[in-house]
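Asks: Sequence:
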Amino acid sequence: MRRRVRGVTLVELVMTIVIIGIAITGVVGAFATLSGRSADPLNQTRAVALAQLYADEILSRAYDDNTPPGGVPRQNGCTLGAEESDRADYDDADDYGDIVGAEPENALGQALDPDAYGGFRVTVQVRCAGAEVGLPADDAKRVDLVIRDPSGNDYRFTFYRANY
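Counting in the numbering used here, the sequence shown tops out at residue 164, every number present.
These are computed hints drawn from the structure, not numbers from a lab. The structure presented is a predicted model; accordingly, all values stated were derived computationally and were not measured. All residues carry an ideal CB built from backbone N, CA and C; glycine is no exception. Treat the hints with care, as some may be off.
Per label pair, the in silico range of CB-to-CB distance [claimed, not checked]:
#1 Ala32 / Gly134: 44 to 54 Å
#2 Glu103 / Leu13: 50 to 60 Å
#3 Leu42 / Gly7: 47 to 57 Å
#4 Asp113 / Asp40: 11 to 21 Å
Whole structure, please, built from the sequences with the hints as guidance.
Replies: Given below as structure tokens:
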């Protein structure tokens with residue numbers, strides 16, 4: 001006697017489609033989560049590069065307006081507040097303390113490449129902080145740098161500028 005070959009019933013077919021649909025939904029959901037955060041490493045790298053740019057620029061400037069070129073003779077005291085209003089004229093560390101939520105600029109006050117740094121914002125705070133690093137209170141400035149990326153994530157960096 002010959003066995004009859006039976007096909008798939010309609011119920012089995014519907015159950016298979018439902019199970020495959022649920023599996024695909026889970027996989028697509030996982031990829032959507034990953035792709036939504038795919039820009040984070042790039043934004044982090046750009047934020048670090050931007051922070052390094054600002055840190056190098058600030059550290060290359062004089063301690064304050066009373067500090068002569070070359071730093072000799074050394075002037076005591078810690079003055080704060082920007083004396084210059086134009087970014088291209090910033091000549092000492094405390095001039096940068098007025099940068100709040102600004103678009104990234106180079107040392108000449110020109111906007112950086114909008115393709116690389118579009119949507120980034122920079123905030124700089126400067127305060128006297130010699131005691132934090134074991135110096136007299138007026139002999140160091142703490143510079144807090146906050147870079148905000150286009151996604152709204154803040155990257156915080158802190159460094160010190162000593163009076164030498």
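Asks: Between Asp113 and Asp40, does the beta-carbon spacing fit 11 to 21 Å?
Replies: holds (20 Å)
Asks: At the C-beta level, are Ala32 and Gly134 separated by a distance inside 44 to 54 Å?
Replies: 51 Å Cβ-Cβ, so the 44 to 54 Å window holds.
Asks: How does the Cβ-Cβ distance of Glu103 and Leu13 compare with 50 to 60 Å: does it lie in that range?
Replies: The hint (50 to 60 Å, Cβ to Cβ) holds, given that Glu103 and Leu13 are roughly 58 Å apart.
Asks: Could you check the hint for me, namely that Leu42 and Gly7 are 47 to 57 Å apart, CB to CB?
Replies: holds (52 Å)
Checked against the numbered hints given earlier, this structure breaks none of them.
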